[in-house]
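Which chain is which? The protein sequence lines are R and F, in order.
The first sequence begins at 1 in the working numbering and counts up by one.
The second sequence begins at 1 in the working numbering and counts up by one.
It should be emphasised that the hints constitute simulated quantities derived from the structure, not laboratory data.
Given the structure is predicted, the values throughout are model-derived calculations rather than measurements.
Hints are supplied without guarantee of correctness; some may be wrong.
Output of the computed footprint for chain F on chain R, the stretches with three or more beta carbons under 8 Å from beta carbons of chain F [as the list claims (entries may be wrong)]: (1) 5–11; (2) 62–72; (3) 214–222; (4) 232–241; (5) 244–251.
Think about it this way: if two alpha-carbon atoms lie no more than 30 Å apart in a straight line, the pair counts; the simulated BS3-like pairs of lysine-lysine are [said to hold, decoys possible]: (6) F:Lys123 <-> F:Lys153; (7) R:Lys153 <-> R:Lys126; (8) R:Lys123 <-> R:Lys153; (9) R:Lys56 <-> R:Lys24; (10) R:Lys338 <-> R:Lys153; (11) R:Lys123 <-> F:Lys24; (12) R:Lys126 <-> F:Lys56; (13) F:Lys56 <-> F:Lys21; (14) R:Lys126 <-> F:Lys338; (15) R:Lys123 <-> F:Lys21; (16) F:Lys56 <-> R:Lys24; (17) F:Lys338 <-> F:Lys153; (18) R:Lys24 <-> R:Lys126; (19) F:Lys24 <-> F:Lys153; (20) R:Lys24 <-> F:Lys123; (21) R:Lys126 <-> F:Lys21; (22) F:Lys24 <-> F:Lys56; (23) F:Lys126 <-> F:Lys153; (24) F:Lys21 <-> R:Lys21; (25) F:Lys24 <-> R:Lys21; (26) R:Lys21 <-> R:Lys56; (27) R:Lys56 <-> F:Lys126.
For every residue, glycine included, the Cβ atom is placed at its ideal position computed from N, Cα and C.
2 protein chains.
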Amino acid sequence: MLNFDFQNPTRIVFGQGSIAKLDKLVPEAARVLILSGGGSAARNGTLDEVRTALGKRSLFEFAGVEPNPAYETLLGAVELARREQVDFLLAVGGGSVIDGTKFVAGAIPLAGDPWEILTSGGKAIKEALPFGTVLTLPATGSEMNNGSVITRKATQDKLPFSSRHVFPQFSLLDPTRTFSLPARQVANGIVDAFVHVVEQYVTYPADAKVQDRFAEGLLLTLIETGPQTLIRPDDYAARANLMWTATMALNGLIAAGVPQDWATHLIGHELTALYGLDHARTLAIVLPAMLHVRREAKREKLLQYAERVWGIASGNEAERIDTAIARTREFFEGLGIKTRLVDYGLGPEVIEAVIARLQAHGMVALGERREITPEVVRAVLQGAL
Amino acid sequence: MLNFDFQNPTRIVFGQGSIAKLDKLVPEAARVLILSGGGSAARNGTLDEVRTALGKRSLFEFAGVEPNPAYETLLGAVELARREQVDFLLAVGGGSVIDGTKFVAGAIPLAGDPWEILTSGGKAIKEALPFGTVLTLPATGSEMNNGSVITRKATQDKLPFSSRHVFPQFSLLDPTRTFSLPARQVANGIVDAFVHVVEQYVTYPADAKVQDRFAEGLLLTLIETGPQTLIRPDDYAARANLMWTATMALNGLIAAGVPQDWATHLIGHELTALYGLDHARTLAIVLPAMLHVRREAKREKLLQYAERVWGIASGNEAERIDTAIARTREFFEGLGIKTRLVDYGLGPEVIEAVIARLQAHGMVALGERREITPEVVRAVLQGAL
Numbered sequence: 001m002l003n004f005d006f007q008n009p010t011r012i013v014f015g016q017g018s019i020a021k022l023d024k025l026v027p028e029a030a031r032v033l034i035l036s037g038g039g040s041a042a043r044n045g046t047l048d049e050v051r052t053a054l055g056k057r058s059l060f061e062f063a064g065v066e067p068n069p070a071y072e073t074l075l076g077a078v079e080l081a082r083r084e085q086v087d088f089l090l091a092v093g094g095g096s097v098i099d100g101t102k103f104v105a106g107a108i109p110l111a112g113d114p115w116e117i118l119t120s121g122g123k124a125i126k127e128a129l130p131f132g133t134v135l136t137l138p139a140t141g142s143e144m145n146n147g148s149v150i151t152r153k154a155t156q157d158k159l160p161f162s163s164r165h166v167f168p169q170f171s172l173l174d175p176t177r178t179f180s181l182p183a184r185q186v187a188n189g190i191v192d193a194f195v196h197v198v199e200q201y202v203t204y205p206a207d208a209k210v211q212d213r214f215a216e217g218l219l220l221t222l223i224e225t226g227p228q229t230l231i232r233p234d235d236y237a238a239r240a241n242l243m244w245t246a247t248m249a250l251n252g253l254i255a256a257g258v259p260q261d262w263a264t265h266l267i268g269h270e271l272t273a274l275y276g277l278d279h280a281r282t283l284a285i286v287l288p289a290m291l292h293v294r295r296e297a298k299r300e301k302l303l304q305y306a307e308r309v310w311g312i313a314s315g316n317e318a319e320r321i322d323t324a325i326a327r328t329r330e331f332f333e334g335l336g337i338k339t340r341l342v343d344y345g346l347g348p349e350v351i352e353a354v355i356a357r358l359q360a361h362g363m364v365a366l367g368e369r370r371e372i373t374p375e376v377v378r379a380v381l382q383g384a385l
Numbered sequence: 001m002l003n004f005d006f007q008n009p010t011r012i013v014f015g016q017g018s019i020a021k022l023d024k025l026v027p028e029a030a031r032v033l034i035l036s037g038g039g040s041a042a043r044n045g046t047l048d049e050v051r052t053a054l055g056k057r058s059l060f061e062f063a064g065v066e067p068n069p070a071y072e073t074l075l076g077a078v079e080l081a082r083r084e085q086v087d088f089l090l091a092v093g094g095g096s097v098i099d100g101t102k103f104v105a106g107a108i109p110l111a112g113d114p115w116e117i118l119t120s121g122g123k124a125i126k127e128a129l130p131f132g133t134v135l136t137l138p139a140t141g142s143e144m145n146n147g148s149v150i151t152r153k154a155t156q157d158k159l160p161f162s163s164r165h166v167f168p169q170f171s172l173l174d175p176t177r178t179f180s181l182p183a184r185q186v187a188n189g190i191v192d193a194f195v196h197v198v199e200q201y202v203t204y205p206a207d208a209k210v211q212d213r214f215a216e217g218l219l220l221t222l223i224e225t226g227p228q229t230l231i232r233p234d235d236y237a238a239r240a241n242l243m244w245t246a247t248m249a250l251n252g253l254i255a256a257g258v259p260q261d262w263a264t265h266l267i268g269h270e271l272t273a274l275y276g277l278d279h280a281r282t283l284a285i286v287l288p289a290m291l292h293v294r295r296e297a298k299r300e301k302l303l304q305y306a307e308r309v310w311g312i313a314s315g316n317e318a319e320r321i322d323t324a325i326a327r328t329r330e331f332f333e334g335l336g337i338k339t340r341l342v343d344y345g346l347g348p349e350v351i352e353a354v355i356a357r358l359q360a361h362g363m364v365a366l367g368e369r370r371e372i373t374p375e376v377v378r379a380v381l382q383g384a385l
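Excised from the complex, chain R in its bound form (with noise of 0.2 Å):
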C-alpha cells in the first residue's frame, strides 16, 4: 500500500425527506446564496422545498450555472455574492453546480485575478465561504469532495483544481429528488462514476487489498443497479444505491493509498472544450481505447477486474483482457452511450487537436506511471475512432 493522508470532513444527511434537516444545518442567521443549475430543480419543487426549510433567512438566487460551469458566468454569482455580502452558499442541483459553487466559494474572499484558482490548481485559496449541497443528479461524486472543474468558454479552457478549503460542509442526498431527471443524464451519471472507478482501479497492483474490494464493490453495484434505475425511474432502493454509490466513487477513500490514472478524464476534457461532448460520453469514448493501448502496463490489473467484477475465468490472459474491455464497451452502450468518435459525428480531425490542446496545458506526460506522452494519446484517439 502507498502511504496516504486522508481526511475528509463533508456530512452527508442521506434519505427521503433530507431536505428539510436544512433548517437545522445552515446557520441561523446566514445570508443565503443558493445556486442552481437550467431549472429542472425549480420546476420539480426541489428549489421551492429547499426556500421553505430556509425559512426567515435572507435568501439571494443564483440560476443557469450550466453543464461544464463557465468561469465568465460564475463570476456573475461571485458579484453578487459580494455585494449582498453572503456568508453562506448552498448548491441545488448535480456536479456542476456543486463545482461551480466550490469555485464561488473561493472567488469571493479572494483579492486577485479569479482565474489564478484555475491556474494554479486551486493554491490560490487561502480561505472560502462555507457552503452545503442538495444533490439532485448522481455522478460526480463533488458532493463529497473538494475537487472541481471549471471551463472559460473564451478560451476553451476546461481545467480542475482542489483545495481544502472547498469540501461541502453537508450534502443532502435525497433519492427521490432524482426520479424525474430525465435519461440521459442519468445514463451519464452511472457511466461517469463508473469511470472514476476505474481511473482509481485498473492502474497497477500496489497491496492495497480494501481499496481494491470497495472498488470493485461500487463497479459492481453500478452494473447491476444502473440498467435498474433507467427501467424504473422510481425504483427508490436502485436511485438511492446510485447515489451512494456515484459519492463514494470519489470521496478519496478508494484513491487512498493507491497508484491513480486520470488519462481518461484529461482527455476527455479536451473533447468537451473543443467539440461540446457531454462530460460522461467522452470518458466512454476514452476509456475502452485507453484500456485497449495501455494493456500491458495495467494487464495484472485489467485481469483482476476482468475476473472479479466481470466474472471472466475462461481464455488466456489476452483473450480475458480483451473480453473484459468489451464488457466495459457494451455497459456502457447498453446504457444508451455510444462508444466511438464516429457515432458523434467527430472523425481523424480531432486527433491533433486534442493533441495540441493538451500541450497547452502542459499535460504531456499523463497516467498512474506518467507514461502517456502525446503519442499514446495519438494510439488512443485512433482506437477511439
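Given the coordinates of chain R, work out where chain F should sit on it, guided by the hints.
Chain F alone, transformed into the frame defined by chain R:
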C-alpha cells in the same frame, strides 16, 4: 437503504514514517499529555519516536492505561491534565489507550461527576480537549470513530459511550509499529475487526449494496491477510492491509444506512467484566452461537455471507448456513482463539450471571430487531458452553 447521517472528520496519515508528521499536526504551543499503555510503546521505541517528533513542546506523560481501560485509572490522567493545564492529548497505543483518551478528553472540561459520561452514553459531554492518536495495534477502530468503552473496576461495569466531540483530530497509522506485537494481541485484533463487520452486516437485507460489498471486502481481506500477519510478522503489506481493514471496520461507513446488531458485543462486555476474558475472545465465543440461534432472523444475510465471503455454493439453505458458521468458528480457532466457554474454564454458571448483568444495565432487548431477550441470551450462552 435506511436513511442515515454520516460524518467522520478524522484525518488519517498512513504509512511507514508517519509518526514524524506529529510536528505538523500538533499545535506548536501545545501542552501535550501523552497517554500510553502497559509499556510496549516504551520498549519498542515508539514513545521515543513520538517525543522526538514533538520537539520542544511541553510534554506530560501518563502510562499504564490497561486493557479494558479503567475509570479509576483514567481519573488520574484527568487530574494530571487539569493540574498541568494540558491543552492537547495524544494517545499512543491500541484501542484501550484511545478509548481511555476519549474519556479523559471529555472529562477534563466537565464540571459534574465524570461517571455521568458513561451513564448518559456520552450525552454529558458538551466539549472535549482536542486529541490525536498514534495507533500501535489494529483492532478496535477507535482511531477513526467517536466511540469508547470504559470499565469501572469497583462495580464491574463495562459501558460504552459516544460523542461527536471525541473524534480524534488525526490518527497516525504506521504498520511497522505493529511488527513487534505479541501474536495473541494480533489474533485478538483480527477477530475484533471481523466481528465488528459481522455486527453491521449479518442482520437483515436493507437494499444497501455498497455497504454490503464493502463489508464483504473487509471480511475477505481479514480472511486472506489475518493469518499472514501471524506467519510473517514483518510482512509490511499484510500488516498495512490488516491495519486499514480494522480502521474501516468501525468508522461508521459500513454502518451508514443499514441495521446493526451489536448483541454479541454487549454480551461479550459482560463476560469480560465478570471473568476478565480478552474482549476478542468473548466475541469468538458468542458470535458462532449467536448466528446459530438467530439463523432464522438472519437467514437471508447468512446465505449471502456464506456465498460471497466463504464461497459456499453447494447444499441446501440450512447446510450452507451451518457451513458458514462452522467456517467462521474454524477461522477464529485457526488464529489460535478458542470459541467455547469451556476452553476458558467457564461453565453453565456464567449464563444467569451474564443475564443478571445485562438486566442491571437495562439491556433486555438487543440486536437489530430488539428481539434478543434474556431467553435468547440464555440460548446463545447455552450454545457457547
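Against the structure, the hints:
{"no.": "1", "hint": "5–11", "result": "holds (count 7)"}
{"no.": "2", "hint": "62–72", "result": "violated (count 0)"}
{"no.": "3", "hint": "214–222", "result": "holds (count 6)"}
{"no.": "4", "hint": "232–241", "result": "holds (count 3)"}
{"no.": "5", "hint": "244–251", "result": "holds (count 3)"}
{"no.": "6", "hint": "F:Lys123 <-> F:Lys153", "result": "holds, 22 Å"}
{"no.": "7", "hint": "R:Lys153 <-> R:Lys126", "result": "holds, 26 Å"}
{"no.": "8", "hint": "R:Lys123 <-> R:Lys153", "result": "holds, 22 Å"}
{"no.": "9", "hint": "R:Lys56 <-> R:Lys24", "result": "holds, 13 Å"}
{"no.": "10", "hint": "R:Lys338 <-> R:Lys153", "result": "holds, 26 Å"}
{"no.": "11", "hint": "R:Lys123 <-> F:Lys24", "result": "holds, 19 Å"}
{"no.": "12", "hint": "R:Lys126 <-> F:Lys56", "result": "holds, 28 Å"}
{"no.": "13", "hint": "F:Lys56 <-> F:Lys21", "result": "holds, 15 Å"}
{"no.": "14", "hint": "R:Lys126 <-> F:Lys338", "result": "violated, 55 Å"}
{"no.": "15", "hint": "R:Lys123 <-> F:Lys21", "result": "holds, 21 Å"}
{"no.": "16", "hint": "F:Lys56 <-> R:Lys24", "result": "violated, 42 Å"}
{"no.": "17", "hint": "F:Lys338 <-> F:Lys153", "result": "holds, 26 Å"}
{"no.": "18", "hint": "R:Lys24 <-> R:Lys126", "result": "holds, 27 Å"}
{"no.": "19", "hint": "F:Lys24 <-> F:Lys153", "result": "violated, 38 Å"}
{"no.": "20", "hint": "R:Lys24 <-> F:Lys123", "result": "holds, 19 Å"}
{"no.": "21", "hint": "R:Lys126 <-> F:Lys21", "result": "holds, 22 Å"}
{"no.": "22", "hint": "F:Lys24 <-> F:Lys56", "result": "holds, 13 Å"}
{"no.": "23", "hint": "F:Lys126 <-> F:Lys153", "result": "holds, 26 Å"}
{"no.": "24", "hint": "F:Lys21 <-> R:Lys21", "result": "violated, 38 Å"}
{"no.": "25", "hint": "F:Lys24 <-> R:Lys21", "result": "violated, 36 Å"}
{"no.": "26", "hint": "R:Lys21 <-> R:Lys56", "result": "holds, 15 Å"}
{"no.": "27", "hint": "R:Lys56 <-> F:Lys126", "result": "holds, 28 Å"}
Hint compliance for this structure: hints 2, 14, 16, 19, 24 and 25 are broken, all remaining hints hold.
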